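Order-wise, the sequence lines are chains A and B. Residues 1 to 361 (full-length UniProt numbering) make up the first sequence, in order. Residues 1 to 361 (full-length UniProt numbering) make up the second sequence, in order.
Hints in this document: simulated from the structure, not taken from any laboratory. Accuracy of the hints is not assured; some may be wrong.
Heads up, the list lumps identical chains together, so a pair's fine if it works in one copy or across two of them.
16 Å max Cα-Cα, derived EDC-like pairs, lysine to aspartate or glutamate [as the list claims (entries may be wrong)]:
#  : residue 1 : residue 2
1  : LYS318    : ASP356
2  : LYS302    : GLU261
3  : LYS302    : GLU341
4  : LYS308    : ASP236
5  : LYS45     : ASP181
6  : LYS116    : ASP317
7  : LYS304    : GLU341
8  : LYS294    : GLU261
9  : LYS308    : GLU341
10 : LYS117    : GLU143
11 : LYS334    : GLU305
12 : LYS304    : GLU344
13 : LYS308    : GLU344
14 : LYS308    : GLU281
15 : LYS269    : GLU281
16 : LYS338    : GLU305
All values derive from a computational prediction rather than experimental measurement.
Protein chains: 2
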Amino acid sequence: MITPNKNTALSNSQGTNSNPSISTKSAERIKELRKKKINPTQLVKEITNGNKTALSRAITLIESRQIKHTPAINTIIEGCLPYANNSLRVGITGVPGVGKSTFIEALGNYLICQNKKVAVLAIDPSSSISHGSILGDKTRMEELVKQENAFIRPTASGDSLGGVAQKTRESIILCEAAGFDVILIETVGVGQSETMVHSMTDFFLLLKLAGAGDELQGIKRGIMEMADAIVINKADGENKKPAQQAKSEFRKALHLYPTTESGWQPKVKLASALQQQGIEEVWNMITTYENSTKENGYFQHKRKEQNKFWLLQTINDKLKANFYQQPEIKEKLKQQLKAIENNETTPFVAANFLLDLAKEL
Amino acid sequence: MITPNKNTALSNSQGTNSNPSISTKSAERIKELRKKKINPTQLVKEITNGNKTALSRAITLIESRQIKHTPAINTIIEGCLPYANNSLRVGITGVPGVGKSTFIEALGNYLICQNKKVAVLAIDPSSSISHGSILGDKTRMEELVKQENAFIRPTASGDSLGGVAQKTRESIILCEAAGFDVILIETVGVGQSETMVHSMTDFFLLLKLAGAGDELQGIKRGIMEMADAIVINKADGENKKPAQQAKSEFRKALHLYPTTESGWQPKVKLASALQQQGIEEVWNMITTYENSTKENGYFQHKRKEQNKFWLLQTINDKLKANFYQQPEIKEKLKQQLKAIENNETTPFVAANFLLDLAKEL
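The shape of chain A in the complex, shown without the other chains:
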């Protein structure tokens, strides 16, 4: 959005006033305008050169979801795609308090020491309340955020799960094009976001704490089934013994599940992110998984299946967005929901009314 400004280079050319301060101002203004104007081809070039500022700007563009930006977004994504797909995508989930940020910081720093480039995408679509906590996470990863080879990005909140999913999928592509070879996708294990993250990662890691009640009180049950590994965090000091006990219990529980298609038997590990213990072992496990599933073809198969799922998902998201974004529909939908609340209509009648309305728009 360009704010109206009479003082442009054009309207300002009164005679031959060569006051240098004015030409400097103009130059700055033009710079500003250029900054605001998006050049998607240029952005792609900068991203593939590993420019984190460009990467960040492109993700902001994707997150804006403004219709006028759609062509630019498509150009950026299609431009980045040939450079994408070469990272390892790791999903990390766990209830609040399990120490996700500390764990990711420890893992991220370890990977950077191994000459990896690490991107962290943090997802929390649950509410604007947690928005603050995610931003908190960002600043909490104090060491990682300073690293040249790290890129940390929280998602904007207040969005639908479908919206967040698409943004994250597209952000992964961009991060990969920027040369990040490990993408850590963090999510809070209390909603439906884990299923989504599971559908876009190669390896899914569930963080747990030792101690009763955790599995019943916080985390959804289905999540354990999706995990390729459970890591019991904070396994230090007094917690060490209960953590070891929890490890053997989880191991028993995991053995009851049928073997997965990947041939991989989910593992249980102990770690103390705070004391930087167990991090290397976790990473070795993940690379073992990568190697064995690349060898038996499951890794590639899973990515293809995920791509098919994304194809349908992208279409479905777009169909919905096209429908619900229409101002007329937005307004009438609100009215119809109100009418349902007042028992004045039924879902079927209201749906048909809105669908018929859309045909006329």
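With chain A fixed as given, assemble chain B onto it according to the hints.
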């Protein structure tokens, strides 16, 4: 579909042949034609008169999902709606082998003795293999199926979950219009169908068996959280003791969940459907729930929330159906999925291609 027949009343009028057998044949033929032609207003009238054949025909029409039937279907549903909404909708789930059919037959027969009219809608969208088993269920409910005041209907299989959901939602409306005051909706507790059934019922009942491993090996973990009651079936003979033990374990587990919005504390009951024990107690519990939630307003609130959900669901289903049903899209989608399989395209490019294509159609 009318098969070509030269012998119609028109082409057959050769002279004045008054052979009575021909005019009888013609009459029969006209009757046949009338039968095949749908008169939705007449169907609504018959349904609201409690005619089970009409109800069955209308549900078949809904299941056909042929575009040419859409106006008729809409007329039927809108005609039935004013007579709907007066039943108690009970969802019943459990893994195969838990005795769902026997339990539903016992509960259904009990309710009919209480002068209730009972409709059973059986859902199993998982596969065509289980189609057989559901049809088996239908015949297995030998006593119930004979009752004048019972209506048993399995869903057609091989459909998407969204499709099954809409059919079931519409079938509920029709059954209610036909005067059925208890709708039992049966589903197999192994897929995502329980969440769907949960979203369209007032009370959600989970059938369990005593014995280890059941909860880990078969049923999805999230289901227990949705249950308003767990009924441990086959609590007879040697099973009685383990069932009582399981009861106290489940009770403990349920107490760990946070209190629900309804103010209802989920209950655990024992039953033996085979020996017709515990059925009355289960029904009393359900009516206690109905009374208490109608009193505190949660019952009505939940139905309104479900209606809002259905409104959005109906729109989303329709948007998808309109898109994917186009023959051109069907064909090109197949090609694009193949191209993903061969790494020749990406989900984003493929999705945009199909969406652009649809705009031109």
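- Task: Pop the pair LYS308 and GLU341 into one bin, within, between, both or neither, using alpha-carbon distances up to 16 Å.
- Result: between (38 Å within a copy, 8 Å between copies)
- Is the C-alpha distance from LYS302 to GLU341 at most 16 Å within one copy, between copies, in both cases, or in neither? between (43 Å within a copy, 11 Å between copies)
- Message: Within a copy, between copies, both or neither: which one fits LYS318 and ASP356 at a CA-CA cutoff of 16 Å?
- Response: between (19 Å within a copy, 11 Å between copies)
- Item | Intra/inter-copy verdict for LYS45 and ASP181 if alpha-carbon distance must be at most 16 Å | neither (18 Å within a copy, 66 Å between copies)
- Taking 16 Å as the upper bound on the Cα-Cα distance, should LYS302 and GLU261 be classified as within, between, both, or neither? within (10 Å within a copy, 39 Å between copies)
- First find the shortest C-alpha distance between LYS334 and GLU305 inside one copy, then the shortest across copies, and answer within, between, both or neither for a cut-off of 16 Å. Result: close only across copies, 14 Å inter versus 37 Å intra.
- Task: State whether the alpha carbon distance between LYS308 and GLU281 is at most 16 Å within one copy, between copies, both, or neither.
- Result: neither (33 Å within a copy, 48 Å between copies)
- Item | Homomeric proximity label, LYS117 with GLU143: Cα distance no greater than 16 Å | within (14 Å within a copy, 68 Å between copies)
- Message: If the cut is 16 Å between Cα atoms, do LYS308 and GLU344 qualify within a copy, between copies, both or neither?
- Response: Between copies, since 12 Å is at most 16 Å while 41 Å is not.
- Item | Intra- versus inter-copy proximity for ASP317 and LYS116 (alpha-carbon distance at most 16 Å) | neither (34 Å within a copy, 44 Å between copies)
- Task: Indicate which option fits the pair LYS304, GLU341 if close means a Cα-Cα distance not exceeding 16 Å: within, between, both or neither.
- Result: Cα proximity of LYS304 and GLU341: across copies only (6 Å, versus 43 Å in one copy).
- Message: My question is about LYS338 and GLU305: at a cut-off of 16 Å on alpha-carbon distance, are they close within one copy, between copies, both, or neither?
- Response: between (40 Å within a copy, 11 Å between copies)
This entry does not satisfy hints 4, 5, 6 and 14, going by the numbered hints stated previously.
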